[in-house]
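Asker: So the chains spell out like this:
There are 2 protein chains.
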Amino acid sequence: MLRSMWTNAFLPAQKYCNASMLSRQKIADEVSKLLELKARLGDKNGEEAPSKLLLKTPKGTRDYGPEQMALRLAVLDKIVTVFKKHGAETIDTPVFERKEVLTGKYGEDSKLIYDLKDQGGEILSLRYDLTVPFARYLAMGKISSIKRYHIAKVYRRDNPSTTRGRYREFYQCDFDIAGQYDPMMPDAECIRIISEALQSLDVGPYRIKLNHRLLLDGIFAACGVPSDKFRGVCSAVDKLDKNSWSEVRKEMIEEKGLDESSADKIGAYVSLFGGMELISNLRKDDELMKYESAVKGLESVELLFKYCDILRVTDKVIFDLSLARGLDYYTGVIFEAILTGDDVGVGSVAGGGRYDNLVGMFDNKNKSIPCVGLSLGVERIFNVLETKLNKEGAKTRTTEVEVFVATAQKNLHEERMKLLSILWDAGVKAEQSYKRNVKLLAQLQYCEESGIPLVVIIGEGELARGEVTLRDVASRAEVSIPRASLIQEIRKRL
Amino acid sequence: MLRSMWTNAFLPAQKYCNASMLSRQKIADEVSKLLELKARLGDKNGEEAPSKLLLKTPKGTRDYGPEQMALRLAVLDKIVTVFKKHGAETIDTPVFERKEVLTGKYGEDSKLIYDLKDQGGEILSLRYDLTVPFARYLAMGKISSIKRYHIAKVYRRDNPSTTRGRYREFYQCDFDIAGQYDPMMPDAECIRIISEALQSLDVGPYRIKLNHRLLLDGIFAACGVPSDKFRGVCSAVDKLDKNSWSEVRKEMIEEKGLDESSADKIGAYVSLFGGMELISNLRKDDELMKYESAVKGLESVELLFKYCDILRVTDKVIFDLSLARGLDYYTGVIFEAILTGDDVGVGSVAGGGRYDNLVGMFDNKNKSIPCVGLSLGVERIFNVLETKLNKEGAKTRTTEVEVFVATAQKNLHEERMKLLSILWDAGVKAEQSYKRNVKLLAQLQYCEESGIPLVVIIGEGELARGEVTLRDVASRAEVSIPRASLIQEIRKRL
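Line by line, the protein sequences give chains X and L. Using the numbering used here, read the first sequence as starting at 1 and increasing by one per residue. Using the numbering used here, read the second sequence as starting at 1 and increasing by one per residue.
Hints listed in this document are in silico derivations from the structure and should not be mistaken for laboratory results. Even for Gly, the Cβ is constructed at its ideal location relative to N, Cα and C. Among the hints, a few may not be true.
[Said to hold, decoys possible] Restricting the straight-line Cα-Cα distance to at most 30 Å, the calculated cross-link-like pairs of lysine-lysine (DSSO-like) are:
id, chain 1, residue 1, chain 2, residue 2
1, X, K418, L, K242
2, L, K84, X, K435
3, X, K142, X, K365
4, L, K242, L, K435
5, X, K290, X, K306
6, L, K290, L, K265
7, L, K365, L, K395
8, L, K316, L, K153
9, L, K435, L, K410
10, L, K59, L, K99
11, X, K111, L, K59
12, L, K439, X, K306
13, X, K418, L, K316
14, X, K296, X, K242
15, L, K59, X, K59
16, L, K410, X, K84
17, X, K435, L, K410
18, L, K435, X, K84
19, L, K265, L, K296
20, L, K316, X, K435
21, X, K117, L, K296
22, L, K84, L, K117
23, L, K99, X, K117
24, L, K84, X, K395
[Stated by the list, open to error] With beta-carbon atoms standing in for the labels, derived distance ranges:
id, chain 1, residue 1, chain 2, residue 2, range
25, X, D228, L, Q409, 39 to 49 Å
26, L, G274, X, S200, 22 to 32 Å
27, X, S475, L, P183, 35 to 45 Å
28, L, G274, X, A484, 52 to 62 Å
29, L, K391, X, N411, 24 to 34 Å
30, X, D228, L, K142, 49 to 59 Å
31, X, N411, L, T314, 20 to 30 Å
32, X, R476, L, K239, 28 to 38 Å
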């Protein structure tokens with residue numbers, strides 16, 4: 001009887017569609033920009049601000065209507081199913097943190113943090129991701145091991161391109177394993193989870209790129225980069241998914257102060273990608289193998305590849321030396337999933353890695369808890385799936401109503417309510433018009449438009465005979481049924 | 001196979017318990033207060049602020065751990081099931097709004113709104129409830145009818161008593177019907193929904209108090225209150241659920257400037273409660289019946305009672321003239337549910353009413369959409385159920401793991417991973433230890449503690465024979481099974 005709350009949008013039998021979902025979003029975005037411009041112009045002219053309320057959501061945010069929510073909940077439900085298959089619990093943390101909790105965790109992106117006004121009391125900021133609050137949670141509760149997922153919205157004062165699906169308020173969808181465990185065992189499971197999630201969401205072909213922060217450090221050392229420039233060079237390499245090598249090279253030389261030959265050596269390394277054979281080739285690189293961190297990093301990648309093979313995801317993973325990940329806190333394996341289909345554009349749909357020192361930043365004795373985790377880029381996944389649904393012309397049902405109770409004559413609204421009571425008591429999802437008198441045709445049309453499968457019709461004749469008419473909306477076939485067997489008949493048909 | 005994500009905590013077969021859940025919360029609250037005091041003392045002594053990070057969540061907020069989340073999600077799932085049974089869609093709005101959207105909606109409570117810092121751009125505030133954002137959503141989208149639920153957190157800079165379960169960040173759980181409909185038809189369904197939700201949550205006996213804003217206005221007029229004092233007197237009456245009549249009377253006279261005889265007349269009215277007979281008695285009150293709003297309000301209550309009877313909730317509702325509801329925006333029927341069991345204390349667990357003019361406040365032409373809605377006080381419901389679970393000594397499972405894969409000897413961790421791959425591919429919820437070598441006893445103990453029903457054990461003997469040992473955790477019975485029939489055997493037992 002009880003169906004899971006999040007599966008409706010994906011039931012193939014319910015392929016209705018809202019063909020204009022994306023374009024509506026675009027129009028709303030443009031209108032909102034124009035409105036804001038208009039408001040600003042008013043200010044600049046020195047005129048009195050218009051007394052009319054500017055009716056919009058804050059910049060970079062949006063409302064989610066019923067169609068969008070149905071898709072989102074269906075996506076999140078599939079992801080939660082995967083997380084639970086791997087034994088995860090869930091937790092929640094406040095939407096804001098004491099500002100000092102976030103300080104020093106995000107490097108130059110800290111300027112994007114939303115602060116709350118000082119209204120007397122603590123200085124607070126909205127959460128920027130779910131990882132730092134998770135680390136704070138572990139340190140505060142002295143929790144030494146947990147496998148948890150957390151799905152919630154995070155906030156970044158970015159200048160997002162809302163038409164490309166980037167917002168200032170957006171969902172994150174994280175799974176992390178904290179605890180002192182043996183090498184690569186939790187890490188490999190994270191890769192498997194990304195793969196399972198993308199598979200179950202049916203977003204098309206994908207690849208998971210792998211690399212290791214220690215190996216990158218070894219490469220930078222072998223290329224003659226001084227160790228205090230490792231993080232800066234790393235963040236330059238991270239831009240290779242958006243910028244060309246020549247742009248990144250320029251940044252390394254002009255902004256990070258690298259000499260040309262170091263940059264070119266790095267350029268040769270970060271163009272490499274492959275599988276086990278790349279690992280063997282790097283092992284033969286005597287210059288690189290002089291550096292302990294390169295040796296350790298490579299050993300880790302090799303073990304991870306072995307485990308990926310056992311967990312049957314080798315065909316999805318690729319060892320890619322250009323993968324760097326922006327965040328400072330990673331200390332080991334890093335990974336990132338991209339869609340490789342023709343029509344989906346570029347960009348990551350999942351990412352993560354190992355961060356063994358973050359929890360220690362919250363502990364007075366610097367005691368840390370090793371962690372590895374992944375984050376699914378659900379906003380991009382929503383976009384890809386919305387585009388796909390639009391193309392297919394499919395319609396998403398936004399309610400789960402099974403039965404509509406209609407009347408064929410006037411002044412029978414109390415009879416409708418009596419019948420509804422019986423249906424609700426039996427757990428049937430049912431509704432009626434809230435108007436006392438409404439044309440039968442209008443009631444039937446509503447059912448066809450909203451995809452309600454069954455209609456129970458009562459008229460004076462039916463009442464006199466102790467019957468109801470049961471109509472199948474799709475076939476428009478009607479049968480008379482004694483009131484006493486109505487519930488049974490409805491259950492049979494659903 | 002797929003189970004609903006939110007039902008686990010309520011499955012009677014899984015009555016484990018965390019007996020110390022509430023007391024842990026209390027301890028955490030006290031520790032956090034002490035830490036804050038300590039930090040402030042440091043400041044006052046003029047010493048340098050301690051470099052150590054104060055490890056706490058912001059005042060009035062908390063983390064929800066796995067046990068608390070399991071209970072919360074189970075409660076919310078039951079509520080969503082009821083909302084969906086009545087045909088509701090869901091929407092979501094941003095956690096913050098442009099400040100002007102919230103201005104002038106909450107009366108003197110506006111001081112409790114959290115503002116964001118002005119970081120250049122719009123002036124924003126965190127949402128204070130879900131009703132005002134809903135009205136903004138309707139006006140902005142020019143939506144003339146919708147039946148929607150919205151479950152999300154809201155923010156109030158109150159001085160909450162966290163030990164009594166009141167917080168600055170808390171869930172609201174709203175269901176509203178917007179649209180131009182016939183009198184009391186949606187209103188009566190809201191009452192039915194509150195009743196269904198409380199029933200399904202098994203919180204014990206409850207009553208739903210009803211009243212009508214127009215009737216209250218009529219009463220105030222009949223008692224000689226000038227119309228500009230209606231709202232002020234109304235908010236005094238609203239305090240009758242916490243304060244005695246003599247306190248409220250004092251407020252009316254000393255703060256609201258009412259004369260004693262008016263106050264005493266009001267006192268006589270607001271002591272009345274009952275059912276249909278109270279309606280008849282008020283009809284005979286000639287003085288009251290001179291006022292059109294009293295006549296209209298009473299007619300509405302009578303019709304609502306009639307519909308409540310048809311919807312089979314009359315035994316739960318009570319017409320109570322002391323019910324006033326604090327918020328300014330109500331215009332018609334108001335209602336509030338309270339628990340009446342011996343051991344649950346006082347306080348409302350649901351409330352709501354009709355607010356026909358709120359949407360119009362956002363429309364430039366003042367065009368409004370009539371609305372009626374309810375809000376379930378889930379934080380109080382969580383508390384009541386946590387206390388109940390503690391008393392019963394029940395344990396809530398926080399994961400849904402079905403099978404634990406264990407090894408009986410050393411160096412078999414790759415075999416565990418191979419088997420896990422097969423289980424995950426088949427959709428079985430399964431996990432292992434992330435340590436290569438771990439004692440069998442420790443693995444079995446973990447399963448007993450965390451309520452995992454089945455263990456698959458592999459040792460060298462099993463591997464040689466192409467078998468596994470399947471252990472039932474509760475009975476500790478073990479059987480040998482060929483690997484090929486493992487999935488089938490697991491499915492049979494779950």
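Asker: None of the hints should be skipped; say for each whether it holds.
Answerer: Hints, one by one, checked against the model:
1. K418(X) with K242(L): Since the Cα atoms of K418(X) and K242(L) sit roughly 37 Å apart, the hinted pair is violated (cutoff 30 Å).
2. K84(L) with K435(X): 20 Å, holds
3. K142(X) with K365(X): 12 Å, holds
4. K242(L) with K435(L): 56 Å, violated
5. K290(X) with K306(X): Holds. K290(X) to K306(X) sits at ~24 Å (cutoff 30 Å).
6. K290(L) with K265(L): The given pair, whose Cα atoms are some 16 Å apart, holds under the 30 Å limit.
7. K365(L) with K395(L): 56 Å, violated
8. K316(L) with K153(L): OK: K316(L) and K153(L) at ~29 Å, within 30 Å.
9. K435(L) with K410(L): 11 Å, holds
10. K59(L) with K99(L): Given pair K59(L), K99(L) holds - Cα atoms ~22 Å apart, limit 30 Å.
11. K111(X) with K59(L): Roughly 24 Å separates the two Cα atoms, so the pair holds.
12. K439(L) with K306(X): With a Cα-Cα distance of about 24 Å, the restraint between K439(L) and K306(X) holds, given a limit of 30 Å.
13. K418(X) with K316(L): 17 Å, holds
14. K296(X) with K242(X): 29 Å, holds
15. K59(L) with K59(X): 28 Å, holds
16. K410(L) with K84(X): 28 Å, holds
17. K435(X) with K410(L): 72 Å, violated
18. K435(L) with K84(X): 20 Å, holds
19. K265(L) with K296(L): 21 Å, holds
20. K316(L) with K435(X): 25 Å, holds
21. K117(X) with K296(L): Given pair K117(X), K296(L) is violated - Cα atoms ~46 Å apart, limit 30 Å.
22. K84(L) with K117(L): 38 Å, violated
23. K99(L) with K117(X): 12 Å, holds
24. K84(L) with K395(X): 19 Å, holds
25. D228(X) with Q409(L): 39 to 49 Å: 48 Å, holds
26. G274(L) with S200(X): 22 to 32 Å: 56 Å, violated
27. S475(X) with P183(L): 35 to 45 Å: 36 Å, holds
28. G274(L) with A484(X): 52 to 62 Å: Once the Cβ atoms are compared, 36 Å apart, the range 52 to 62 Å for A484(X) and G274(L) is violated.
29. K391(L) with N411(X): 24 to 34 Å: Violated - the Cβ-Cβ distance for K391(L) and N411(X), about 51 Å, lies outside 24 to 34 Å.
30. D228(X) with K142(L): 49 to 59 Å: Taking Cβ atoms as reference, D228(X) and K142(L) lie about 58 Å apart, which means the hint holds.
31. N411(X) with T314(L): 20 to 30 Å: Between N411(X) and T314(L), where Cβ atoms are some 22 Å apart, the hint holds.
32. R476(X) with K239(L): 28 to 38 Å: About 57 Å separates the Cβ atoms of R476(X) and K239(L), which means 28 to 38 Å is violated.
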